[in-house]
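Q: Take a look at the letters that make up each chain.
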Amino acid sequence: MSDKFIIAVDAQIAALVPRFLANRAADVDKIRAALAGADFEAVRVVAHGMKGSGGGYGFPEISRLGAAMEEGAQRRDAAAISALATSLETYLENIEIKSEDGQMIDHRSTTPGS
Amino acid sequence: MKRAERRGKPTGAAVLVVDDEADIRELLELTLLRMGLAVVSAGSVAEAQGQLQAQRFDLCLTDMRLPDGEGLDLVRYIGEHCRDLPVAVITAYGSTENAVAALKAGAFDYLSKPVSLEELRTLVKSALKLPERQSEAKPTYQQLLGESPAMRQAREMIQKLARSQAPVYVSGESGSGKELAARLIHDQGARHDQRFVPVNCGAIPENLMESEFFGYKKGAFTGAEADREGFFQVAHGGTLFLDEVADLPLAMQVKLLRAIQEKRVRKVGATDEDAVDVRMICATHQNLTALVESGRFRQDLYFRLNVIELKMPSLKECREDIHALAQSMLERMAGADGTALRLSRDAQEALAAYDFPGNVRELENILERAVALCGGEEIQPGDLRLTPARQSGDEPNGGKWPLQDYLDRVERDAILEALGMTRFNRTAAARLLGITFRALRYRMERLGINEPRS
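These protein sequence lines are chains A and B, in that order. Counting from 1, one number per residue, gives the positions in the first sequence under the numbering used here. Counting from 1001, one number per residue, gives the positions in the second sequence under the numbering used here.
Any given hint could turn out to be false.
Pairs of lysine-lysine, DSBU-like flavour, derived with a Cα cap of 35 Å [as the list claims (entries may be wrong)]: (1) A:K98 <-> B:K1255; (2) A:K98 <-> B:K1129; (3) B:K1160 <-> B:K1129; (4) B:K1255 <-> B:K1160; (5) B:K1263 <-> A:K4; (6) A:K98 <-> B:K1160.
For the chain B half of the interface with chain A, some residues (derived, Cβ under 8 Å), not all of them [said to hold, decoys possible]: (7) D1023; (8) I1024; (9) E1026; (10) R1034; (11) P1114; (12) V1115; (13) L1117.
These aren't lab readings, by the way, just hints derived from the structure by calculation. Beta carbons are placed, not taken as given, at the ideal position from N, Cα and C, and that holds for glycine.
Looking at chain A on its own, in the form it has when it is part of the complex (with noise of 0.2 Å):
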């Protein structure tokens, strides 16, 4: 997939954005891993804080894919997982984030942390 999303982020809290998108991409190894020892409740727990955290950062797509794999994880479902926490990293790899103002933000080379 080449095609880029570009997300305008609100210009206020454009300095947390990359670290927030670098948590999101350490989520997904998270999430592959609870997977791979059949660790559902750990899958919902990550989702949830996703879906909920998500919208309010101006990514409502990744709520949207968080809430999808908190319902995954109850019905115990890994082939869906599996498939969501893959467009997730598409996601992730091919958004290009400017804040409202129109700097584009490099969030690339960020480490998740808190």
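Use these hints to put chain B onto chain A, whose structure you have.
A: Just chain B, lined up with the frame of chain A:
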């Protein structure tokens, strides 16, 4: 968060943010810091309580689900220990029950997840704009006069409600001042510099309701020659007061419910929706609970509107105020030369014995008529033209009708007795009554019972 990011000039207002998820906490923190506020964070109920004991805050924002308890626990803790601190909760998307429970427990407003930063900023601004608590001893506004316990309770409840954003249902007999109460809630609250829009739901023809409430686009129907705003758009940022809400037809009730839930309205003929931020206050002299039971009023709308009930007392319940009220009205009606008529002793007695089925409004009408009829400087009983009162014992059914009023009286007596025996220790009183502390608090609020000031 890095120190370097903490820009913005603190205004002195401090906000306590309680959330256990780091990503959300940071988002809230930075947004508030950029608004020039000082922010302190906590990740649990216990940590938040520690912070509340350590310093003074101007606003608290808490998540509903915390590792060691519920956001509601914190709302209640604040209600008990920091009564002046407005608290707002963040609820999961679509969780109406939680939002309503939080408002009932004393929260000032709520935000649903995912949190919209725009909504957050609006909420914070309105919370910090709340006027300082009025000095409690004397009423600074003259419109709701009277020193009877029932009237004082109503006034205190209004002051409390003014500090919240919760929907309010004002009940009370015709003429008991329901609209005035709604106006006072608006005037003393954070929205006081925005519009107060009163609407008499019984006076709008059914086929015009939708366009009156939600507005219309040019060309939406014959005669729609220009865009027009509805009540919701006009009241944006302010308060919408729906009087005689029981008169809304069921079809309109559905649309109103949707508008309140979604905080969005669509003009007739429009494709887009407008976001609206409106505080709802409604009133009716009818028994809304009975209408819900008989299916004439939607239960879901009832729950949405009746988060907190304010009961306006009838004039009969404030008999001792009649004389002072009459005097103040007569002064207002004074002639061009500024001299007000007086009530003769007999006229005073006649008023004191009268039932006032039409309440304060009837008293006002009676006095206006008397001023017109009176030939001298003193109003005589004959000038009042009172309809003869019912003979001996003005309650032929023993006061059992209407049932709700009767039950409220029984409940009030029992609660007051228990509170009296326990010197207003509510925990002990609740135990005596065999109900939970929370249930007692809710009932006291509903009936307008307040702790006496020593």
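Q: Indicate, hint by hint, whether the structure satisfies it.
A: Against the structure, the hints:
no. : hint                : in the structure
1   : A:K98 <-> B:K1255   : 38 Å, violated
2   : A:K98 <-> B:K1129   : 33 Å, holds
3   : B:K1160 <-> B:K1129 : 15 Å, holds
4   : B:K1255 <-> B:K1160 : 30 Å, holds
5   : B:K1263 <-> A:K4    : 33 Å, holds
6   : A:K98 <-> B:K1160   : 44 Å, violated
7   : D1023               : 4 Å, holds
8   : I1024               : 5 Å, holds
9   : E1026               : 6 Å, holds
10  : R1034               : 4 Å, holds
11  : P1114               : 2 Å, holds
12  : V1115               : 4 Å, holds
13  : L1117               : 5 Å, holds
Figure legend: structure checked against the earlier numbered hints; hints not met, in rising order: 1, 6.
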